[in-house]
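Counting the sequence shown from 1 gives a position; the numbering used here is that position plus 312.
Check before you lean on any hint, since a few could be wrong.
Here are the computed lysine-lysine pairs in the DSBU-like style, where the Cα-Cα straight-line distance is at most 35 angstroms [what the hints assert, rightly or not]:
(1) K481 - K444
(2) K563 - K444
(3) K444 - K391
(4) K563 - K481
Simulated restraints, written as ranges between beta carbons of each label pair [unchecked claim]:
(5) E365 - G455: 43 to 49 angstroms
(6) A498 - N454: 16 to 22 angstroms
(7) A333 - D561: 19 to 25 angstroms
(8) V471 - K335: 32 to 38 angstroms
(9) N547 - G509: 25 to 31 angstroms
If you are wondering where the hints come from, they were derived from the structure by calculation, not from laboratory data. Cβ atoms here follow ideal geometry from the backbone N, Cα and C, with glycine treated the same way.
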Amino acid sequence: MGSGTYSNEAYAALRARQGYATKSRQEIFQAREIDPEMDPRSISMRESRDSAEHPESLSIVVALDVTGSMGFVPEDLVKNTLPDLMGSLMEAGIAHPQVLFLGIGDHVYDNAPLQVGQFESSAELLDRWLTKVYLEQGGGGNGGESYHLAWLFAARHTVIDCWEKRQQKGFLFTIGDEPCLETIPAEIISRLTPATGSVTVSAQEILHEAQQRYHVHHMHILHTAYAATAERQGNWRDLLGQQFIQVDDYKQLASRIANIVIDRHQPTSDTRWEDRIEVEDML
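I would like the entire structure built from these sequences, with the hints used as guidance.
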């Protein structure tokens, strides 16, 4: 996937056309169950490929906690800050980002603990997959969420040309306010993916798998005093060390993600956004 090109102007026009500024979260995210197109049970692989349009793709996975406490993050991306991610990357010379949105919940309590979009580049398609996400608003009292499902999917169910062709790792960001659950039981892997013969994996094991092809970070949102406690930060520092990043203001999340990518990724070409003459003609 990943066809089409992005511009802030195109996204501004789309937001105006959709009337996002005056819509509630429930009006934007209308799904009341997982969309069949995002059901991981039917997805063997998501691809982020180079093309004539995007000769140097960079794969970025953004996994959003969609449990009860975190719906404001995808809402703010839709209404305000997606340009802070895409526009900042392109201005910095990363001309061909391809973003895959995931929805993450709790595999113990939720009906849809993993939802999977497509790697996309255009304003229209990024918006399409982001607003398809089902904000289940679930979770439970088990001391964490299933952020490691993002690592599982990225490690075993993505193909990314930035790695396959250039040995440049993609980027994977989980976003939330809870610890990561300790394991993914074999029966959960079998229930949520097409895999057969699955075995239980620990969070550390599946993180290591994902890190073979992705720079993995967790963005911990400090939107309440409780989110800042050691209890809510849980095992993140043990898992990720300096790649566990605390975000005081969720409105800065997209720009923080962009800055991490800009700091760590070195494009092989030197094409900057202002040098591009293409515009997004689908809008």
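Which earlier hints can't be squared with this structure? Nothing - there is no hint that the structure violates, so all of them hold.
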